[in-house]
Amino acid sequence: MTEGPFRMNWISNYVRPKINSLFSRREVPENLWTKCPECGTMLFHRELADNLNVCSNCEHHMAITPRDRFTKLFDGGIFVEIKVPDVTVDPLQFRDQKKYPDRLKAAQKASGEKEAMLVVTGEVARTPIVAVAQDFSFMAGSMGMYVGNAIIAAAKAAVEMKRPLVLFSAAGGARMQEGILSLMQMPRTTVAVQMLKEAGLPYVVVLTHPTTGGVTASYAMLGDVQIAEPNALICFAGPRVIEQTIREKLPEGFQRAEYLLDHGMLDRVTHRKKMREELVTIVRMLSGQSPAIAGDLPAPALATAAATTAT
Amino acid sequence: MNYLEFEKPLAEIEGKAEELRTMGRTNPGTDVSKEAEALDRKAEVMLKDMYKALTPWQKCQVARHPERPHTRDYIDALFSEYTSLAGDRNFADDHAVMGGIARFQDTPVVVIGQEKGSDTKSRIERNFGMARPEGYRKAIRLMELADRFRLPVITLVDTPGAYPGKGAEERGQAEAIARSTEKCLQIGVPLISVIIGEGGSGGAVAFATANRVAMLEHSVYSVITPEGCASILWKDADKAKDAAEALRLTAQDLQKLGVIDRIVKEPMGGAQRGRKETIEAVGKAIETMLKELSGKKPEGLIKDRRQKFLDMGTKGLAA
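Chains A and B, in that order, give the protein sequences.
Just so you know, we're using my numbering here: the first sequence kicks off at 122 and counts up by one.
Just so you know, we're using my numbering here: the second sequence kicks off at 22 and counts up by one.
Hints are supplied without guarantee of correctness; some may be wrong.
[What the hints assert, rightly or not] With the Cβ distance kept under 7 angstroms, some of the chain A side facing chain B (calculated, not the full set):
#  : residue
1  : 155
2  : 158
3  : 216
4  : 217
5  : 266
6  : 274
7  : 304
8  : 305
9  : 308
10 : 354
11 : 384
To be clear, the hints were calculated from the coordinates, so they are not data collected in a lab.
No residue lacks a Cβ here, since even glycine has one placed at the ideal position from N, Cα and C.
This is chain B alone, in the form it adopts within the complex (with noise of 0.2 angstroms):
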């Protein structure tokens, strides 16, 4: 288990049990199965006082977490036949994009995510999870494939933004972003998009401009990272606690602005500590969103998406 920097009193009593039983079994005499089992009681009721409470920066950091499940898990774990389409038919196919046709529960689908990798080697390949404009262009294309043959898309959001490179700029990221959203817009089936770690900037609105928008309960979805915002603002990048809590970045203060339709909640202590139970509950989420669009008119689930969008922000967080 990776701790993260907040988690650290936790690491250390988890680490002292962890101590007392290797040394239970190396010296079978002495009985410490109790003290571990208090230490166990006293770590659990410190993961739930934690995480009951997360501050919006502890979120942001609980969203990057490198062992999170990733958009790949979830495709492997709740999809069926998965056939990745690789491409933007131009210059290149983006490995930070995955994508393709799959079955979810026996229907055909196109799901489409952002995938950051798992290990040094997939990371660098996958760059990240930040696309570059062939991301974006492989996106368009397999919503337009999707329109056509009447598949429900369905997008899975983690990426920390846009690839900021020369050759990104230089092909076009604005573009590829402002017509990725653009088709997400006049897509005539239904779009689906789960939030399953980082929801950042542009490159997370390109892919989650969307009919419903989930989001995992410890994930995030923001404007500019808080370091950005910080550095911005505050000139001082140190200041990312305070730049989160201003943001509103959390799932819970996105939903309170109609940003977001629900919120899956995950299991104690974060996804990255029950993987299959994250996986399981943003299955069932898929399930129950596409079935309340489901029989939807495609004029109908153009019409409600643009409206959705032209309607939020009317009410503020006072209100």
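Excised from the complex, chain A in its bound form (with noise of 0.2 angstroms):
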């Protein structure tokens, strides 16, 4: 501060309390609003959630938990999670500027989730299927041992109880701080989509924003059917690292999913609050059953759901 300390402590001492003091006894409880970050608006919690985090003024698709999309997708919200095989923690005793445990923990805390991925089964319109979503929010969704062991447990379930695989794909890519183990889980992961191809049951792929390295180059791009929400950033080398390659600007829309449908890359594009309907009819067709019943039908007893799960 150039100001000098008698300004400094004008500030400090007086005005700040006093604007500070003015803020908490309002008490505006947090979240309550959330700022579309593409056109400003703002959104009332309740509305949003209902909406599954897409604002309603611009359609822009906000990120969703997998916890979250899990309970508007199934019946009733009721799903059954399968549990993932324990993974050593720090594999290679990784240090950046903070120790990898530490990352891990705080990641831990902020969401609430134990890794960057859940894996569940339930019924979606009385369709059993498994489901497995990755959580950009948590160290950006990056692959390492867990999430690879998280695919491979839910292709396991999937060909245990004959279920078709739906994932939702979100990441930053690999996870660094595991090093070549995390590069390994790209052959690992095409292995548990190669047991669901080998038993004949479908897997779809949404893939969500963003999508992107080492996760692009396995198991999100492996689908049977590929599907992507709108505007989702889907690629292997980010834009940054290309514009820094090549020196030139990218196009309007460049690895966004209308764009890589027009190249050919995905099967389609799909709004997110038509979702479930589009799944449901997918994997029901795949999987030769009755077209599914319209409308909405009394949600399934939990203990029927738990019973199905054979993990």
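Can you join these two chains into the complex? Each is in its own frame, and there are hints to help.
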């Protein structure tokens, strides 16, 4: 500060406390309103949640946690978690500016989740499926041993229960802190996909914003059907890396879902609110089931859902 | 000889020895051979000291040394009747990837590898060993050919990584890499991989998802370049040295982690100081690994390969 100590003191001792106390007295609870990062509209939390975290003004698809997504996806919001085998924590004893276990703990505390992937099973419009979703808010959804184990566990459960697998991807890529072992998740998860294919079970991938790097270059691009959410960034090398390499401006919408659809890299781009219906239609056709019954059915009892789970 | 940054003290001594010898030649009266020999011995000791304890970052530099033998050199020396097969049948032939049928000690095989090029012209033509989607799709085609005619596949890995370009992304770089890895896991023939220089991320894994993976002593294999890792995690590309340490990308660490099966020793001072010996040592390693897999049934080869990768990562470095 160049204004000198007098001014600093005057501001910090007099003005700021007064402003602060003014704000705290009003006690506006946090997180009641979310500002859409695209159009700036203020969205009320309940309305936003009902709308699956899609802006009601501009249809921008915001991030949604795996748990919230599944609650809205499964009949009556009921699903059963499938256990993922434990991993060696910090196998490389990785240190950057922070220790890797500290980064992990911070992510666990902030998200309330164990890791960047959630594996569940349940019924969607009375269609039993296994579903797995990646959590971008957990260390950018990055793929390490746990994510690899989660996908393998999901594939094994699907094969055991003879259920289709639906995967929602979202990742900044490989988890650098697990070095080569994160790279090895590319072949490992590919083996998981092969288990499904050999069992003749549908594997549907929903690419959400953003899906990049080694994740795109393995299980996220190997689906029988590839669907993306609108405007999701889907790529191997990110736009910034490419701009630095080729030193030219990239075209509008480059590496976005619609751009990939135009270039033949996806089957469909589907609005999040239509996703549930579409997944049910596709999965039922691919597995030779009759059309789904339209309309709201009563929620399945938790007990039956649990009983059908083998693990 | 191209000296690396950390070899500068060595360059100085070797330069001085050379200078002395030139002086001796121009002035026949002076005898400098003794001094020159003393310098040679000093250089030798220094080289040995340097190379017996290379840091991970130094190994990255050795792995990238322009005079290391490249895929083309290995194919020329170790294989006969090499018949290159080009193109992905969709878009183009990717010159960053060499491949074809050839004989390895009389046995017909398919050989595939990234080639970095050896001078400015060939480096540009080879795109510095950075494949585009067509390179992976060519590799997939060749692996299918090998599977159909029961030929073992040998891949030589030497790439900074997949090419980060506009066209490469538009034509499905990620999908091509995923399919190549998938193909590696599907073929019912022995698949052997040798990392001869840089094993750069997805571009390497797409070729190296093999029954047996060997690495040259000073080669590296990593999920990201140390420079890339440093700029992301340290927000400072100059921290590449620290990133190289943290990433555990050396052949020695990767063997401990169970990611690779064997290390092929390099001559003193690295492959660039003994190209012929290095190529011969790689040849021996390929021979041994092929023998280990000979007689195995297609289903067994597929099953073993998958299990090997499923089991990977259960042991950390601490254990």
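Verification of the supplied hints:
no.	hint	in the structure
1	155	violated, 28 angstroms
2	158	violated, 22 angstroms
3	216	holds, 6 angstroms
4	217	holds, 4 angstroms
5	266	holds, 5 angstroms
6	274	violated, 12 angstroms
7	304	holds, 4 angstroms
8	305	holds, 5 angstroms
9	308	holds, 4 angstroms
10	354	violated, 11 angstroms
11	384	holds, 5 angstroms
Violated hints for the displayed structure, listed by number in ascending order: 1, 2, 6, 10.
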